[in-house]
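So the protein sequences, as listed, match chains A and B.
So in the UniProt record's numbering, spot 390 of the first sequence is number 390, and the numbers just go up one at a time.
So in the UniProt record's numbering, spot 618 of the second sequence is number 618, and the numbers just go up one at a time.
Keep in mind the hints are simulated off the structure, nothing from the lab.
Each hint should be verified, as a subset may be incorrect.
[Claimed, not checked] Cross-link-like lysine to any residue pairs, in silico, SDA-like; alpha carbons within 25 Å at most: (1) A:LYS735 <-> B:PRO756; (2) A:LYS113 <-> B:TYR804; (3) A:LYS532 <-> B:PRO756; (4) B:LYS318 <-> A:GLU810; (5) A:LYS735 <-> B:LYS318; (6) B:LYS735 <-> A:VAL744.
Being a predicted model, the structure only gives us computed values, none of them experimental.
Listed here are the chains, written in short residue letters.
Number of protein chains: 2
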Amino acid sequence: MAPPVSLDTVHAWWRAANYLSAGQIYLTQDPLLRTELTRDDIKPRLLGHWGTTPGLNLVYAHLNRIIVERGTSMIFVCGPGHGGPAMVANAWLDGTYSELFPDVGQDVEGLTKLVRQFSFPGGIPSHAAPETPGSINEGGELGYSLMHAYGAALDNPDLVVACVIGDGEAETGPLAASWRAHAFLNPKTDGAVLPILHLNGYKIANPTLLARIPDEELAEFFRGHGYEPLFVTGDIDDPEGVHGAMAETMDAAFDRIREIQASARSGSDNSGDSPRWPAIIMRTPKGWTGPREVDGVQVEGTYRAHQVPLAGVRDNDKHREQLEQWLHSYRPDELFTLEGAPVDDLLPLRPSPKLRMSASDHAQGGIRAPLMLPDIEPFAVDVFDTGAHTDAKASTEGEGTADTPENRKDGQPSRTATAESTKVFAAWLAETMSQNRDSFRLFGPDEVESNRLTAVFDVTNRVWREEIIDLDTHLAGGGQVIEALSEHLMQGLLEGYLLTGRHGLLTSYEAFIHIVDSMFNQHAKWIESADKVSWRRPIASLNYLLSSHVWRQDHNGFSHQDPGFLNVVVSKQADVVRVYLPPDANTLLATMQHVFDTQNRVNVVVAGKQPEPAWLTLDEAKQHVKAGLGVWPWAGNERDFDSSDPGKSTPDVVIACAGDVPTTEAIAAAQLVREELLDVTVRLVNIVDLMRLQDARRHPHGLEEDEFDAIFTADRPVIFAFHGYPSLIHQLTYKRTNHANVHVHGFMERGTTTTPFDMVHLNDLDRYALAIDVVNRVPGLSDQDAAVQCVDRWQRARVEAREYAYTNGEDPAFITDWEFHR
Amino acid sequence: MAPPVSLDTVHAWWRAANYLSAGQIYLTQDPLLRTELTRDDIKPRLLGHWGTTPGLNLVYAHLNRIIVERGTSMIFVCGPGHGGPAMVANAWLDGTYSELFPDVGQDVEGLTKLVRQFSFPGGIPSHAAPETPGSINEGGELGYSLMHAYGAALDNPDLVVACVIGDGEAETGPLAASWRAHAFLNPKTDGAVLPILHLNGYKIANPTLLARIPDEELAEFFRGHGYEPLFVTGDIDDPEGVHGAMAETMDAAFDRIREIQASARSGSDNSGDSPRWPAIIMRTPKGWTGPREVDGVQVEGTYRAHQVPLAGVRDNDKHREQLEQWLHSYRPDELFTLEGAPVDDLLPLRPSPKLRMSASDHAQGGIRAPLMLPDIEPFAVDVFDTGAHTDAKASTEGEGTADTPENRKDGQPSRTATAESTKVFAAWLAETMSQNRDSFRLFGPDEVESNRLTAVFDVTNRVWREEIIDLDTHLAGGGQVIEALSEHLMQGLLEGYLLTGRHGLLTSYEAFIHIVDSMFNQHAKWIESADKVSWRRPIASLNYLLSSHVWRQDHNGFSHQDPGFLNVVVSKQADVVRVYLPPDANTLLATMQHVFDTQNRVNVVVAGKQPEPAWLTLDEAKQHVKAGLGVWPWAGNERDFDSSDPGKSTPDVVIACAGDVPTTEAIAAAQLVREELLDVTVRLVNIVDLMRLQDARRHPHGLEEDEFDAIFTADRPVIFAFHGYPSLIHQLTYKRTNHANVHVHGFMERGTTTTPFDMVHLNDLDRYALAIDVVNRVPGLSDQDAAVQCVDRWQRARVEAREYAYTNGEDPAFITDWEFHR
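The shape of chain A in the complex, shown without the other chains:
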């Protein structure tokens, strides 16, 4: 251990940080108050937040003491909203800010920029944000600090993540769900999290709940969440007096962390022996060391200190005078040199460059362990291996004799293979996880097995630090899988893991991923902003695998049927978001291999877990994922189709599809048309990368106009079978030449407890509804007797199929045993 840092130094640092924080809120110039404070020195709009700042500065200073004395590797997660001034002030004091932003130097000119840029147009945000050195947590939308902290600590055995949680933030659901995340933290191989609950008593305009309950109840709250609570209280009249207790508490917390880790790392696996990690409860007045009273009303220690304690400083001389006194109370001349650098007295608290929290490699983005991606070949489904199926065509040839375009070759199997797509993927995922032991995690809200990813348990376990009993399976003191019934917690842990340079996947039921809409939004915004920050390196993409999707939640009912997450995703910046709808197992494999290899994106993949047709060979699937969409000539009947120039031929109708169930229904519809409407030429287009539909000027994956027209034609009806809400396809294609002819069938918010066929039937997405739409849309077709008879037959067939289900409690055999004629 290095020699102890004097608490006088800590106090000086705290004063300096408080001074710079207040300066950022108010000043445009003269940052060290070398001349009298005038109206022009004050920002025209006062937008910062003072309330939380002194508490954050206090913690930061004391953590620096720990780092300097003990050499601890640490990052600082700033939970409270509007904590930006504190984070920036400390990063400037420790030197990092000037290194990352050379124009904000350690001099008066740099300080002038520092104070002016804060919450100023073209400047920096008032929250901890991507622009803030050392931050992995945006302080705008509250609730995610502690889950980010735990995510960062995973597989980082030498790291301590200090996480300040505001008492406002502590009222949110996501934060409340995070307290017990230590149940997934392996003290042997993971780092530590030190939660520091900052009770400053008030939110914007209300007291906070946790600040108003008795200390004993608060202690029970923490012990009930598995922590050992350590209390520190600051006296409003004696700020300096807090340092002794604070230092003692910090030392106790870090001693305890070391003890827990030493014990875990020296012995054998101690799963079930869940240690009581320390947590600090710091009770200090809101806006501490700021103006006690303004215009005769108490401000310090009340909600009035939340934002700007003195609002009238520009035009109210008395307020301005009070601000001047306040700023001078920190004695800036003792803290900064004439040139505007921190005085030497502060330097003992400045950690060495590698150990500064503001400069931690863990918090600046960057992938620290490259992802090893195994080949997908060994895991692919062999689509043409079932010779038994070759007879099937013959057996139905009586009905299908007219369906003989040249591209339908003899001897080819008449039917594809069947596979559970997510299960096929799971085997490859297991191999991926075993090749990336310390840098890949799988998260699921109790749905890893339900989504058929059980194969991962061949290579790893679910980590679980509470009691494990004989009846449990795949549960151990360590492992790469984390499951708790909270989409929020799973998303937050994954975000923290990714933001500190690792890789992962979140799997969820499609409907319930809406629970984290806003977390997705904020993460996407983080990536959008971080991309513009020169010193932040790209991070691995946030990958979702959504299964148990709308079309196969027939049995779970209406509450489980919702494909709307795609709409939320598509609203974010095109550079960041991607949506994939692989139609079968091999395409899912190729999709996942691709998305795992991307950076700074959010990739949403929706795939089936039930047995479903496997249409493409692996080579075809790879090519399909690369192209993003394509014509499947074997599913249509264009004699003269040329894959190198799809625009050379023009079918009577295009049947387009995106999503596994819609693809099956679309192929079946095309088959109905081919076999029963002999004069109609039909082209089937499958879309795996949804953003291909968008204009190339709007999305980097967007198809060029002429490519789009060649595939979807300029003027033929496009019957589009879509996985989600139809409006999304219109939203993506409304600029396209042929948009007026695009007729989308998708989820129309009609659902109930029923069968898979009834789900597509209710929403007019079934094969018959699609085929009938072909008759309705192809000019002149609905006048032909043969077509009218087809429509009549199909109408009856779809009603009968539904009735069958209602009578028998299951779908008619053709849904599960349908013969596809390739």
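The hints should help you fit chain B onto chain A, whose structure is shown.
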């Protein structure tokens, strides 16, 4: 108190409910096993969930004992997922089910329907759902039971809400945020909530966290959340043995509730003296009383009992035999008469009709107190009261001489009034709240004051049962406002309040309402489904007032800028959702008066809180809200415009707008065009009810095609200034004749910490960008020298305005002091 019910009766009821629950999961016929169980008696798809059911039935039976003995008015909130069989079984046993569904009678035929319909196509869901008697909580998406329970208890002093929380559900964020909701429950005027945590140990495939921590830690968890924990544990080998402890615990809990209420109601206001309400922790084996082992593996008491303990009963004789033994273990012949009714021995546990939880008036929908809606007239902004402004036009006439269509009358003020819209609304809201003391609540995540609704504190307070100190304002032991920093909790409490027949409003920052996307989804789905249930009466609409919106969160930065909730809302069924974008204060008043008066809807209103122009008189505003959209002739320059027949004239360009800031920019753009492009006729259309844009066939508020064409023209460019993402307007209008000419300016996900003008500038929504687009889109205009000069001038003006902001930290004067020439 009525004479005690024997525990033998309770046990018999439990057996009967368990029998009927298992029957629902497996059987299609022969519900009382009067003949040997055959393959055909078994459902082809076994979809129910047994795991949670016996625990729910146990609680239900014991609550019935309390009701019968004490006459307590109670409802049952069923938190665990897939708890449907239990709710239905108990409702059938107490007689309610057959009253509500006469074809499911108290006879063998009725029982046959009862078992068959469960999780069967066209039948009933496996969750507690709108179709379930007595339910106000959907058991699909988990996490909301306890907040629904607390919402239901508010202003229902005689009601006890028993709320069973699954140990899976307890891991979710929203549930975790609910524990301390008793901080808002006034024991004097509100009812009570009895939380019953059901620890059955496992979720789908994982143990649960709370089931695996030591009892002492669990007790601390509850005490730390302010409860007095009462433990009951069931022994897997002695189910009957649980009743004594269970009855004792229930008695203790209800005694304690009565004690707390009696003390609060006899004394003076006891705010701050927060009682320790009882909470029951019930630890019983998962799938209790079901098959202990299946195929040699333990099922009862493990996660394997989660769904269907015996999966192979249709085709596996051994399984079927085991099922038969299991069902017979409840001794159905002792529980049901030959005719299939419950035996007389069960009747003592059947509450009187009015007290049955399944038939409670509180849980069947219906507005129990009609909302008193005060006149809005006294609260309106007088738009034409400022004679001072009449000179303004003269002063700028030098630039505006050409702008003289006949509809611009002399003597009319040149500029409208200015108002903070939400503040104007707040005064009327206060009056509304004072006229509906016991049936209207306002909820906010610490944003009531920030959204400028402070006027409500003139008539009521924020309720707060924790300590209140001198520094607090508008905080009291009772009041109609509830605030905690959790959008989840606020939404859930409001839902519970509405579902039990009352009225309310949730106000939030626009960006952060995304946090409850999925709760909105599920509530909308509830309304959609409940509307089809004959015995459910309509409830008051769920109303959102979103302020601090995307265009005025310039200072808070990118994380606070997100208008995407509108997209989420619009995806739900047209019957249910409405979106209003009132452009000014009077229109907001008229909008809110309208939405408060609706039922079974979700109304989303986005309005400004900053000073902004007030364009419409109250009469105009009322008319505007009624029409949903309309031409504002005074903002355009069509000489021959006829409001009774807008199609009679055709302008060169339509400038459309929706949202307060877009409206101001659109009017300013129209003014630029009028004043500087003298030959161009411009029409301004404002949309307040967004769904008017949609096709009348798709939305009940949709405009008919000819009306739409008359207003938006069939072929002229429409420059549309929109509050949200542009794609939403395309999604709503893509079927319209003139859609190809609709050019939408809206939020393009470009945001930062900056000024209001820079926000519109960044997203090309500013007046200049709109006016420039007019030049670009009106055929031939961009070839004219005058127009080119205008564009050049406007380009410079917008760059200069932005530069001004970047230099001075605020917008140029014309943004705040802009003179509108009416």
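How the hints compare with the structure:
1. A:LYS735 <-> B:PRO756: Distance of about 30 Å is beyond 25 Å: violated.
2. A:LYS113 <-> B:TYR804: holds, 18 Å
3. A:LYS532 <-> B:PRO756: OK: LYS532 (chain A) and PRO756 (chain B) at ~22 Å, within 25 Å.
4. B:LYS318 <-> A:GLU810: holds, 23 Å
5. A:LYS735 <-> B:LYS318: The given pair, whose Cα atoms are some 62 Å apart, is violated under the 25 Å limit.
6. B:LYS735 <-> A:VAL744: holds, 12 Å
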